[in-house]
Each structure stands twice: as structure tokens, then as C-alpha cells.
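What follows is each chain in one-letter form.
Protein chains: 8
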Amino acid sequence: MDANQLKQLLEQVQNGQLATDKALEKLRDLPFESIDYAKIDHHRALRCGTPETIYCPGKTTEQIIEIFQRMAKKGTNVLGTRCEPETYEALKKVVPNAQYEQRARAIVLYQEEKKETEGIIAVVTAGTSDIPVAEEARVTAEVFGQTVQTIYDVGVAGLHRLLSHNESLQKASVIIVVAGMEGALASVVGGLVSVPVIAVPTSIGYGASFNGLAPLLTMLNSCASGVSVVNIDNGFGAGTIAAMINRQTSKK
Amino acid sequence: MDANQLKQLLEQVQNGQLATDKALEKLRDLPFESIDYAKIDHHRALRCGTPETIYCPGKTTEQIIEIFQRMAKKGTNVLGTRCEPETYEALKKVVPNAQYEQRARAIVLYQEEKKETEGIIAVVTAGTSDIPVAEEARVTAEVFGQTVQTIYDVGVAGLHRLLSHNESLQKASVIIVVAGMEGALASVVGGLVSVPVIAVPTSIGYGASFNGLAPLLTMLNSCASGVSVVNIDNGFGAGTIAAMINRQTSKK
Amino acid sequence: MDANQLKQLLEQVQNGQLATDKALEKLRDLPFESIDYAKIDHHRALRCGTPETIYCPGKTTEQIIEIFQRMAKKGTNVLGTRCEPETYEALKKVVPNAQYEQRARAIVLYQEEKKETEGIIAVVTAGTSDIPVAEEARVTAEVFGQTVQTIYDVGVAGLHRLLSHNESLQKASVIIVVAGMEGALASVVGGLVSVPVIAVPTSIGYGASFNGLAPLLTMLNSCASGVSVVNIDNGFGAGTIAAMINRQTSKK
Amino acid sequence: MDANQLKQLLEQVQNGQLATDKALEKLRDLPFESIDYAKIDHHRALRCGTPETIYCPGKTTEQIIEIFQRMAKKGTNVLGTRCEPETYEALKKVVPNAQYEQRARAIVLYQEEKKETEGIIAVVTAGTSDIPVAEEARVTAEVFGQTVQTIYDVGVAGLHRLLSHNESLQKASVIIVVAGMEGALASVVGGLVSVPVIAVPTSIGYGASFNGLAPLLTMLNSCASGVSVVNIDNGFGAGTIAAMINRQTSKK
Amino acid sequence: MDANQLKQLLEQVQNGQLATDKALEKLRDLPFESIDYAKIDHHRALRCGTPETIYCPGKTTEQIIEIFQRMAKKGTNVLGTRCEPETYEALKKVVPNAQYEQRARAIVLYQEEKKETEGIIAVVTAGTSDIPVAEEARVTAEVFGQTVQTIYDVGVAGLHRLLSHNESLQKASVIIVVAGMEGALASVVGGLVSVPVIAVPTSIGYGASFNGLAPLLTMLNSCASGVSVVNIDNGFGAGTIAAMINRQTSKK
Amino acid sequence: MDANQLKQLLEQVQNGQLATDKALEKLRDLPFESIDYAKIDHHRALRCGTPETIYCPGKTTEQIIEIFQRMAKKGTNVLGTRCEPETYEALKKVVPNAQYEQRARAIVLYQEEKKETEGIIAVVTAGTSDIPVAEEARVTAEVFGQTVQTIYDVGVAGLHRLLSHNESLQKASVIIVVAGMEGALASVVGGLVSVPVIAVPTSIGYGASFNGLAPLLTMLNSCASGVSVVNIDNGFGAGTIAAMINRQTSKK
Amino acid sequence: MDANQLKQLLEQVQNGQLATDKALEKLRDLPFESIDYAKIDHHRALRCGTPETIYCPGKTTEQIIEIFQRMAKKGTNVLGTRCEPETYEALKKVVPNAQYEQRARAIVLYQEEKKETEGIIAVVTAGTSDIPVAEEARVTAEVFGQTVQTIYDVGVAGLHRLLSHNESLQKASVIIVVAGMEGALASVVGGLVSVPVIAVPTSIGYGASFNGLAPLLTMLNSCASGVSVVNIDNGFGAGTIAAMINRQTSKK
Amino acid sequence: MDANQLKQLLEQVQNGQLATDKALEKLRDLPFESIDYAKIDHHRALRCGTPETIYCPGKTTEQIIEIFQRMAKKGTNVLGTRCEPETYEALKKVVPNAQYEQRARAIVLYQEEKKETEGIIAVVTAGTSDIPVAEEARVTAEVFGQTVQTIYDVGVAGLHRLLSHNESLQKASVIIVVAGMEGALASVVGGLVSVPVIAVPTSIGYGASFNGLAPLLTMLNSCASGVSVVNIDNGFGAGTIAAMINRQTSKK
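Residue numbers (my numbering), protein chains in the order written: chain A, 1 to 252; chain B, 1 to 252; chain C, 1 to 252; chain D, 1 to 252; chain E, 1 to 252; chain F, 1 to 252; chain G, 1 to 252; chain H, 1 to 252.
FYI, nobody ran anything at the bench for these hints, they're computed from the structure.
Bear in mind the structure is a predicted one, so any value in this text is a computation, not a measurement.
Cβ atoms here follow ideal geometry from the backbone N, Cα and C, with glycine treated the same way.
A few of these clues could be false.
[What the hints assert, rightly or not] Straight-line alpha carbon distances no greater than 25 angstroms define the calculated BS3-like cross-link-like pairs of lysine-lysine that follow: (1) H:171 x D:7; (2) A:7 x B:22; (3) H:22 x D:7; (4) C:22 x E:7; (5) H:114 x H:59; (6) G:171 x F:22.
[Said to hold, decoys possible] If we take Cβ atoms under 8 angstroms as the criterion, some of the chain C residues that face chain D in the derived model are: (7) 98; (8) 100; (9) 167; (10) 183; (11) 208; (12) 222.
Generate the whole structure from the sequences, applying the supplied hints.
Structure below.
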């Protein structure tokens, strides 16, 4: 039952063609999903300005291009994650403004005006191998319209590298910490700042890293309050959460 | 917004006090949950004859008695699982018809007429230590109004014990297999019959049983098709599922 | 010792050629497996109309074709699971009526009349990546002669997608829920219906999904009663169990 | 070397008692930690209004009382988590204004003026057993000066319970979801809102819950973007992070 | 259908009271388990001289005494494992010849003549804490009528302790190695001898021993061929297997 | 210090060239390994008739051929496990009598006379996929000079297949059970016989088999006494242990 | 065969009572363990000054006192770990000089002269809850005669606390880092110094700490070279290793 | 703020251009990292003679060559680990003195004079498959300027092989034990010596080795005191730690 049907029903009540009892019964049978959720989704779209995103693995180039084009028509920014360079090459021919973020392996189309946001998201990595995941987080946050500063390769085994960026850390509204191996960086950063830290364990490491299980456990057990954790290698998730937080800071 | 409020709205439309456009808008804003779910729940209650159940651990005797009494007023059977004998002693004083199933550690109140169902649920255990979990399954299924036959202590290390009950197994519409240690019984039973087998791993065992992990994995990997698995020691869940299946057999 | 030998023995007793004591002794030595199991298997075949099935991995194309042809002669439906397209191409030349279900990666031969069954099996997936496993379940159930309705890509992150199919869910006699990542869909569906839910965790996901361990644990711990679980990616098992349940609904 | 010593050094330079070269050398040897960190910590205290907190387990009643009193002197709110009632009884005698939050097992002393914050933190639980962890989160956030709304016992097995609070969920700036068993609630809530969701797995459950491992993995694998996770039963951590986020919303 | 019924059937055939066709049919329906398994079990009893055993945990003192007495009547040795001293005190009153093996926590009744067997079973432990499990193995093997030599506290951290018993090791027909902590002893013993080694991991140890998982994995991965493994702390199982092996050596 | 040096020392004592005190001191410094171990190894070789074996993976074809030839010179049987067909092709040119066991992926050279042993080793598999591991066990035992009977594809899901081989099982002196998936076969066989059962879990299976962890745990937790376990896929180990056991049976 | 027997043998050779051939044969049969190991152990005792140690759990007070007294007679320091206060009270009566280290739960008897060693062992903890394990390490190292400096409660969440002890860290010859929760401290300390770091994970923490598994994995995956790890809560092991290292520094 | 800026500040104070109060304030704002860490790092370089090292995986040949050349200019030894032969071939053209350690897969450039150190590091392996990891440890220690002796293929299954090197073991100052499969060698070596043992589990093995988890647990649970553990396959880490320890022995 869509809005038209509902309107007809109400008109029948108005015209006396339908008793209120009968109408009540019909409304009770009204599938609960038809009206309300559509509305909610509409509201969310209006309220959030959330960019459209595609998770590319498992989709053919044709599928990605088709979805990307359909999304692009809405006028918001568009993001495709975990995307092969070949796919970008094919996409570029039909969406010339699309860009390829090589390290993040992401395709992006900026259609909304970029503005410096009041709050800043810092993205920090322990090593150079963690950078692809960090870049996915950075690109995601930027596609969400947020301002990002990156601080890479400042792992705890050389504490001075991290401490030399203390000023930048203190300025951020939310910090994403990306680390593999033992993942200790999240705790150390969490101890230096008083803003939320989103920790991303990476599958970088070997042996008893168990594909990221070690930094995942490290981060979950962080002794620094303020640290929450997303899935292993989930740069996109971290970028989204950081954008959600920073948006609240920025919009006021 | 409850039914009364909705009725008033419709009457206002009928009386011309409210334009259809305005009414439509109000209905669109109508919280999606208010009407439909209540109805669905109501329907489910009518359709299923589902007994009321209480999971006792973590609740005080007073809370259990109060909830039990409230449930009892609906006229359906009532089941309390994982219940201490002391709680039953206290309950009996205010609900004299309540019974205590000692091995299942369950309190039950039968208020619906018991009828032999066409389909039969067989509950099978590997050892005597698995019986408490099996009894929880049996009591649950019986409280759901289903007919149950129990076949206990027929583990695979003495195959003849199991095979001597082959006839009973062949007659069942659905079979619950309860086994700890290595949990092999589910596969063997699954290979003998062509009806659904609900496997319940138990935490019985020691060492590398890892509190039921071993039989859980065994059952999930069963080479016999027809075997699905519930959580460790979850006799209640198995009894419920078996009742759901047997009810379909029986109701026609 | 087959039936003929047994008949001879009895005739010898009848004719007085063999004393009852000697006959008793011979019968005691009779291998227990010779008569009874053959009969049981025969009975099962008659009773169940179970289709013949081949698990293809690890078998050569030649072996698959040979087994498939032998099975096809029995006149029942035939199913080959996890089958490569190349194998189907080769099979088609000798069994022209065999069909290839691409998404399920299954080869099927329908030899039994298809009839709409009274009960309906719903197959539901959380995402599009779960579809291959779901399709294996669907094809399996159909080869078993059951009627299936599919509801794909209705994961819990967009609840309205699921709720818009509530009517279909309520009509089903048994529901297969296929979900990777966090596997929450099984609990949500289990809470909406009062029929058995067969949950299939898939290995879709990354990081701490640990190849399907995460949705497996989620489903085993479902707070909704009525949910039982099969092995990771085991669409065939789920389809078989659902068919076993639905057959009971339908045959009456 | 503290500020006084540093001042003396500078005065010696000013007075010509110390050559700049010598002073430079002394400054180079200046332990890097002495000045800067003190300042940072000071700044953090000023900037954050962070309440003082004590984690009580493993400390004697005497130790807790002594630390509590020392903290109370600073004039900020004070929070003691995981605190036994007996400890509170003893504390109350010397800090009469301290309150005991029974379900959260927390002792609190409010010394700062409570104000309704602009942003609201919603704390949601799947079951009643998850409430103690949720209450720890609520109390923590309130001690941080934030406004909290609680929505308890709205697990996914009865979806209408959750959906009936949709309006409250939509109003929140950040949502804490506390769930044991299968932990699916975080994904469902994450799919309904567009603000950060902090997921807290609880050790509630049995069998293959493995003391909270199951909901932990579920939440880490959430298909809903916007969900980050803290340690099992870590209500304090979730409350702190939510407060950090909401503070940014509120302060502008 | 027992032997008498079968005899009657044959006599009816002999007397012409029953046609062979009818008899054949009856025999075909004969439950497969009735004859053969009884026979097999009987044979096993005759062939093996297997002692009767009771696993005591989870049984009441009354149950243990009753089962013990019933077993004792058969004239074989009787063994009760994991038995509390109190149970033995009660049993002794009715079975005065029963003995209590304190370290093994076993009750035993020797009714068969003890003879020195040709083959010898060596039971070796790494530490003193492993002795209870080793004693359970020793008692089990002795109750099975086998000759056992014990070599305790010869862990690999002091290799000379082990090597000083090399002669005894070389004389054994089968060796049981009981070890907790890192479980390395099984490999070292396996490398010194050319007879089967039954390895029993124990739950002795702390931290990353994970209740016996560490020695279990160690033993399964033994680089010495000839080592097979039983469950953690399963002295009874090891004793039984060793007796089975040694019996073959001894009976010829 | 070898035997010659030792003899010289004794002659010096005899000749009075060396005081007993000095000789004693020299002997005390005598590396403990020089004499005794050499002897032990020598004795083992004489006593056991153990064949020479090579584990091929990680060795070049040249290395395998060289080691194989060196071993062949000793006149015992030679076994190379996990060997690629290409390696065999190269080896055959220089050791023409070497044979290739295709399913076992083993190269063997029989140089000792084959004799039927009194005891028989039965090798049993659950499925056809387990056969390669079983064949490695069979070939190993045969290279050790033992008689083997194979019973393949008798998994518990079709119990009659196993039971039809009951007679063969009863005749065996030791039984190797090879099974993947849920590994239940070991318990069932263990319950049918009274001889040692060596269980070999295989990595066959999918999903929650976790590369053989499921059958490994199943077998370790076997409720049938008499079952011990070797590493996943370790056919060689099982064959060696079975040969050690059967050799004791046979030599008398 | 002990030294006396060996001397007799040599004298018999000297006296011509025993031919060298016979003597050689006897020596070849000489159990390899009798001489050499005794010597080695003796040498070790002389060389190392290793204190005698008792692991108390699982031993009765009587046993502990007896062993302690026997050890005390050798004149070296004596250490009893994981010892209850009651045991110490009993011991003190017979060994009045024994001391009780309360936080380490250790009993110690100093009989060797304490000297300041050249090298210093630093023992560092992340939190106050880690102190008991750290104290066990400290006491162990001191009983080994080494000089220890403790730096407690300097976890990474408050980096300045650690950095304020940088000077002490730089002076140490070897550092023991004791940390629970996420265990990040080992990496941070490892990055600050260029001496060996012995990391001890503790079982302090909750939820996904999994009784110390989290810090264990963290420490094993440390990105700082120079960090090796001992078992969870194994303060004794860490103290021993640190003493072994520091002794080499100190003895020259 | 670098040294120049600091000097200017002091001169301004000296000249009266800057009040001490103002200078104090500026110094308080002085970024804590600028001076001290630079100095510390410088000191560490001077003090340690630590070679420069590159972890090659994930870096392009161009990157490796560039970093290697830059490091080489400092005059210390240079080490590149986990390096492909092709990379070495390319490097050799521009750094002709670089050598390739084939088994260790390491590129090394010796620029410091090699001297025999007083202490010796022994590197021991259980099998030949463990040699690559052992060689990485050896090369690392040698690049650190330490003297190494290797003892390969002395696993515990053939104890005499190990014991024949007892003399070498006793001479070492620190021992690296590299072992896969069950990893028992570390405990046996730890029991023979009284110097620190660094245990390196390797991923060699199959089945329940779980890629090195089995030897890792074995080594962590070693009953021999003196054993600490590094990550699976981490030869570089072990070599570094051993060098750190041996350097202390040698420098005095």
C-alpha cells in the first residue's frame, strides 16, 4: 500500500464510502514496512549527506561502472573501495572526473564542494606497511567532506617520531590509529589525547600476529580510555565513524 | 499512537474535521511500530499456541514467581528453565499445580489439554551425563504440546545399544541428539534416518573437549545430511525447534 | 548370506535336512549386516524419494559423468554440487537434459514431476555475496521436490529491506537464512517468525570474520529460539534439512 | 629539574654567571620529560573537565577511600567503578555526599553542576542481563557531565521493541549498544541511525558464547558502517568514548 | 527376538506349521540388532578378559556401590576411576576386598590371579604433579592384568634423570608418557625407543599452557615417530590402550 | 673419544703408564655421548629392522635421489613420503626397482623378503577423500614388513557399509582409522573392537572443519577406550605405530 | 656405576685382574648417565651459584619445610615461590632467618653475601596490578645475587610517567617489563633502550584479554627488536633469565 | 625549536632582551621532542654500534637499493632481511661489496672490522628445515659483530646428536634454539646449560602445528628456566637479542 492507496482510503472515509471501523481494520493490516521506512530512509538521505559507496571486490567491472554511474547522478560524492587499477581505467572513460587513489585502492568522484571543516581528523600509522589501510580511511573521510591530516610511520619502537607530532595530535577532534604487528600505538596515542581514538588493526605482521588477531586484541584491551576498535584492515569503517564524529563537531 | 487514537483520526476525516492531506501526513508520521507489530504479535500468539517461558538464572525467586503467575493467567502452558529446587518450593505455595522436572531442572505448569500428536519427537543421548540437557529438550517439547519418546545412553562406543532402538528412530518425525565428549552420535543417527536431526553438543567431557567445543565442531561437520546444530547445552532451543517441526507434521 | 541362501536354509529345516539346533547356530553366525541393512536402505529409498547427489570437488570429470549417468538411470532427480562449468559442458553431451545452475555451481537433472508443495521454503540472504550459498540451498531443496521462494540482499543494516518481505516470511513453513560478516540476520528473522530457521554462516567477510567463524558463533548464540545452524557455506545441508521439514508439512 | 631550577638557570644566564654555551649544554641534558609533560597534563585537565576515576577491583577499602578523598578535593566529579556495596558503606561515612549506583556497581560524587547537554547519548541493551554493563556506561557518561537516555531490553529477537524507540534513537548524537549472546543489536541499530555507535559485547550467554567472544566477533564484523567496538563488559570505556564524542557536539 | 523365539520359529518351519516364505519374511523383519550384537558382545567378553570399569564423577555413592557390586559378581577385576575417598569408605563396608589407590583416586577389586606378563608397560612422568594421571594409567593397566613399571619425575629439563632409566625404557613393550607444561618428554622418549609411546598431556602448568592445550599440541606434533596421543589427563585411556598392546605381546 | 682411544687408555693403565687416578679423571671428562649412544643406535638398528625413510617436501630431486641411494645400500626397505611423480621418474633411472605408490604419493624400494605376518593391520577410511592419507599409512606399514588390509569409504553416515566389514575388523590386531569431516568413525570402530585403534584426522572437510581441527578434537574426545590419535594427515606416523604394535604380535 | 666402582675397574686393569678387552666391554655397557651427568651437574653448581628454588603450589606445608631445610644446608640462597603466608609462619619456626616477601608471595633465605653488581636489572610494570608478578621477578633476581631497580605503574596510557624514568632505563643492563591488559609497554621500553628486554604478560585484564593471551600476543609481535617473552605471569622465569644475563655483565 | 633557536633565546636572556619570566614561558612551550630525543638517538648510535637493517618484504628493489646505499654511507655494517636473490643481483651492481647469504635470504655489507668476541653465541636447530630461520639469526648476530657457532639438525628425537655437541653448548654465552614441529629442543637445551636460551618457534610442521602455534606454546611453557621466546620464524629478533646479551659479555 503506497501513499496513493492510503489517500484513496482516507477519501473514502471522508466521503462516507468506508466506515471508520472498516478503515481501522484495513490500516491495521497495512504492511508496516510500506510507508514508514521509505520515509525514514528519505529523511536519512536528507539529513546526512552521506556519500554513496561501493565495495568493489566480487563485482565485475561492468557492474561497478553501472552502479557508479547511477550513484553519480544523485550529485553526492561517490566512493568505490578495494578497487583494481584496471577497473578505474575502464571507469574513467565514462566518468572522466573520477579519480584513482592509488595507495588506498579507491575510486572517488568529488561532486560536492570541498570545505575546510572546523574539526580535523588525524590518521596515524605505526609503520609504512599500514599506509594502504590508513589511506582508505583518509579517502573515506574526505569523501564524507571532512578535513584530514595524516601522520605516518610513527610506531612506538621510536617514540620520538610520534612525540614530534604531538601538536598535531592535540589539534585533532578525532584520531584514527592504524597499526599491525603488536598494535601498541593506539594505547600510546590514546594516552596523549582526550578525543576519541578509532583503532584499526592491520593484518601486517607475521607468525603470532595471526593475520591481525594480535593487534586486534591489543587494541581491545587498551589501557587508555577513549579507544574503540573496528575490524582488521577496515579503513573504510574507521573513516566513516571518524567522519560521523567530526561532522558533529563541524556542523555547529 | 494506539488504536483509539487512530480511530479518532479516522472519525475526524469522516466528519470533515481533518483534510485527507493532513491525515495522510499524520499517518506518514505514524511511528511504524505502533500498530503493525502489536498485531503481528497478537497473530503469533493465536497461531502458535507458544507456551510462555522464563529463563531463570540471574532472576530472584520473587521475580520468577511474579513472572510465572502473570504468565499463568494467560491459560497457556508455562515453562521455567534452569530453575533451582528452592525456587520451585517457593513457587509451589502460590501455584500449587506447578510441577518440578528434577533432571531437567525445569518448572512447568500444564494448563492446556495434552493430546498424543501424530508425529513423535525422539530425544536421544550418548551417555547418562547428557540426560539433564536431553530432559530440558523433552520437557520443552512437551510443554509445547508435542509427544516425545526418549532413548538414553546409546552412545556410539556400543553401537548395538543404539541399533536396538532403530525401530523407534524410524518412527520419529524429528530427532534430537544430545551428546558430549566427541559428539559422534549425531552423525550416526543422521545416517540411519531421513528426518531432521537437531544436534545438541553438551559440555560433558574433559580435557580437549574444551567445554563442548569438540562435540560442537563434530556436529557442525557431520557427514550425514539432515543434521543442524544448536548451542552447547541448549536443550531448550532444541526442544523448541523440534516442536516447531513436529507441529507442522501434526497439525494436518 | 542373501535372501536365497536364507530361503534354502529354511527349506532344509522344513525338509528335515537340517536340525533346528544347527540352523539356529548358522543363523547366529549370520553376519548381522547382510539382511537388515539392505532392507532398511531399500525402505528408505522407497519412503523418501531422496534424490541422488554427487559432491563434485576432488572427482575427475570422467568420474562425475559416470556416477551421474548411473544415478540418472534410477529415475529420480540428480544433483551435482560445487561443479565447474567445464564439467557441465562435458556432461551435457551425454546427458542432454542436465541443466547448469550457474550461481549455485550445481548440475541438476529433473526426472520427477515438479509440483507446487503446500509448504514453502524461504531462502533469505543478508548480502549479494551470500547468494551462491543460498542458491545451492535453493537448488537442493527444489531437486528434493520442494517449492522455494528466495528473498536476497535483505541484511540487517537496512532493516526496511527485510521488513518489506515480512508477508513472504510469515507464509513460509521453514526459512533458510544465509549470512556472512556478522550473521545477525538469523536472529532477526527468527524473532519475526514461528517456524524453524536453518542458519547458514558464510565465509564472506574479512579480518575478524575468520572465514566464517564470526557468523557461525553469532548464529549458535542466537537469542531467537527456533534457529539451528549448519556448517559454514553448507547450502546443500541447509537445503536438505529444509526439504526434510517441508516434506512433512506437504505430504499431509 | 623543575620550573624553579630552570628559572635559576635563566637568571644565571641573565646575570652573566653562566655562559650561554654552558646553559645550552645543560638544557640539552634536561630530562625531556620534566617540563613538557607536566604542562600537557595540566592543559588536559583544564581543557577536558575529565572526572577522576578509580577502578576498584584489587584495591582495599582503605586504599579506595584514600584515593577517593584525594580526588574529591580537586572539585571535579569522582567515579569509582566495579565497587562492592561494603566499600560504599565505608566510604559514605567520610564522604557523605557520595552515592552508590547499585546496578552499575559504581560510587559517584557529583561536585560539578549538572546541565542538560545539547547532544544526547542513548544507551541501548539487548536483554535485561546486559543492564549492569549498560548502567556502568550510563553512570560514566553522566559523571562526565553528559545527558543520557536509556533504552533497555530491546533485543533483535523482538524487533518491534526496538523499533518502538526509533524516535529516541534518531535524536541521539551517539549510541552505546550493549549486547551479549549473539550481539546482533549493534548492527541493527547501526543500520537505523547515522551517528557513531559504540558496541559493548557482554559476557552474558552460555556455551559457544565463549564468555563474550561471540558478540565481540559479531560486532567487529558488523555490516553497518558506524560501529566501533570496545572490550567485553567494558561499560566504562564505552561511556568515556561516548562522552568524548558528545562533548564535541555539546560544547558548540 | 531372542534365541528362544528364533528356535521356536525354526521348529515351526520344521513341523510344517510355518511356510518358508512366511518364515523368510519374519526373518527379514527380524531387528538386526537382536542376535548378532549380543553374540559379538559375548564373544568380546570371552576373548578379552576386559575388566569392568566405572567412571565415578556425577554418580552418587549409592549408585557407585550398586554398580560396583553388580560388576563384582562377574568375577573379573573391577575398576572405579576418579573416585572420592568418602566413596571408598562407604564401599569398603560392603566390598571389603576393594582397595583404594590414593594417588590415582581409583577403587579397585582384584579377583583375577595376578601374573607377571612377558611384556612390560613403562609409565613415565615429567614432573611430580603429573603423577596422579600416571597412577590412573598404572592402576588401569594392572587391573587389566598387565605388569607395569613406573619412572616418575624425569622431565627433559634435567635430561640425566631420564637417561639414568634408559635400561628400563629399552625393556618396555609399550611406554606411557605423562607430561604437562610443555610436554616435550614424549618426543625425547619416542626418540630413545622403538616401541609404541602413548602420550598423555596433563593440565598441569599455568598461563599459556591453556589447561593442557600446549602439551597436547606438542605431543601431536612430535618429531619422533611412534608417538600417539590421548585426551588431556586421560590416564585411564592410556592405561587401556597400553594394556591392549601389551596383551598382544604377552599372550603368545 | 672413540673405542680405539678408550682401549689405548686402558692399555696405558694396564702398562702402568697411566695412574688410575689420572685415568679416572680422563674418564670423567669423557664426553658422555661418545660410547653409549653409538651403541644404542647400533642395537636399535639390529633389533628393529626399521626401514629407512625420507620426508621429501623441501628437498630437491637431487638430494632425494642421493639420500635414497645411500639408504638403499643398507639392504633394508626404503620409503620416501610425500613425493612428487617427477621425482620418482628421475629416481627410477638410477634405482630401477623403486616403485611409486601413486595414491600414497610414496616411493618405495622393497629389499627385504615379504612375509605374511600373523597379526593384521586394518586401515579404514570414512570417505574416498581420506584415501591418500590411508594409503600413506598402508605403504608405511608394508615397508615395515607388516600385512595390511584396507577397508575404504565406510563412514558412519551409512553404518551398514562399516558393519558389513565387521568380520575383517574383528580379525585385525590393530586398526588405523582415517577420517576427516567430523571424524566419528574412530569412536564407532573403537566400540566394535578390543584392539588398539590409531586415529588419523584428515584435513578433508570445509568450513568449521578448520583444516582438520574438528576431527582431531572428535578423536581425542572419543568415548571409546582404545583410541589414540596422531597429527592431522599423518598417515606415516599411524603406519609406523601400527607396525610397532603388530610387530610385537607377530614376532612371537 | 659410580666413581668408586669405576676406580675399582681401573685398578683391576692395572693389576692385570681384568683384560683390557673385558674392561672395554664393561665400559661400553656403562650406563651413559652415571658419570658424566653427575659431573656436569656438579660443574653447573660450582659455576653458577644458582640458588635452590621450590615451586610451592601443590606441596604440603610439611613437604615445603622439609625441602627448604635440606636446601638451606647447602649454604646457597633459597627461594620458595607462590607461597602462602601460613606456610611461611610454619617455616619461620624452624628456619628463623627465612623472610617473607609479601607482594611476591615468596619465601627467601639469604645465606650468601649481598654485593652491588655492576650491571643493574630494571623491573618495570604497566600498572599496580602487575606488581605481584614483578615482585616475583625482583625477588628471584636478588636471590640470584643481582642488583635490581624497580619502576612501577608507568603504563603507556600516561607516557610521561615512563619517560620520567628514562635515565634509570638507560642505565640498566637488562630490563624486565611486566604488563597485562594490552601489554604495549614492552614495545615502548624496547624502543627506548638497546639492552635485552624480557617481557612478562600478566593475566591482569578482563574480557578479550583472555587471561593474558592479549598481552602475550602483543609482546611476541613487538615491533621493537630486543624483546623476548616468557609465559603469562612467569615472574620467576623472567627473574632467572635476567639474572643469567646480568651475571655475565657483572662477572667480568 | 632547534639548538640554534635555543641559543638565540639564551643570548637574548643574557643580553637582557628577554626577561627570565618570558624565557621560562617559552621554554615551557618548547616542544618536548625537539632536543632530547635527537640527543638520545645520537647517543644510542654512538653507544651501540647497532648495524642498520632493512626488512625487505613489501619494498621495491629500487627502494631497497636506495635505503641500502644511504645506510652504507654511515660506515656501519648493513643488513637486509627476507631479501629475494633478484634484489641482490640488482644491488650488487651499485654496492659491489654487498654479499648474499642464500640460506638466510639476507643481504649484508660488512664495513666494520670483524673480531672474535670473547663470548660465543650458539645457534641450534632441531631439523634441517629450521635452518633458514637459524641462518637469519646467525647472520644478524654476525652483522652485529658477534661470534657465532652453529649446531644444526640435533632434534630431540635423536638425543645423541644433541649430546655430542654438549661441549660447544657449555661454552656458549647465549644460545638460540630454532625448532618447529613440537619445539621440544628449547627445553632440553635449557636443561643442559645455565646461560640464557632464546627460543624461536618456526612454522615448519603440518596439521596441528597450526603454522608454528604448537612450538610457540611449547617454548612458552618450557619447564627449563632460562628460556624466553620470540615470534614465530623471527630469526632476526633472536639474533638481535643474542647480540645484545653477548655484547655485554664481550665488552668487558
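Each hint, compared with the structure:
| no. | hint | verdict |
| --- | --- | --- |
| 1 | H:171 x D:7 | 56 angstroms, violated |
| 2 | A:7 x B:22 | 10 angstroms, holds |
| 3 | H:22 x D:7 | 10 angstroms, holds |
| 4 | C:22 x E:7 | 10 angstroms, holds |
| 5 | H:114 x H:59 | 29 angstroms, violated |
| 6 | G:171 x F:22 | 48 angstroms, violated |
| 7 | 98 | 37 angstroms, violated |
| 8 | 100 | 31 angstroms, violated |
| 9 | 167 | 15 angstroms, violated |
| 10 | 183 | 7 angstroms, holds |
| 11 | 208 | 4 angstroms, holds |
| 12 | 222 | 5 angstroms, holds |
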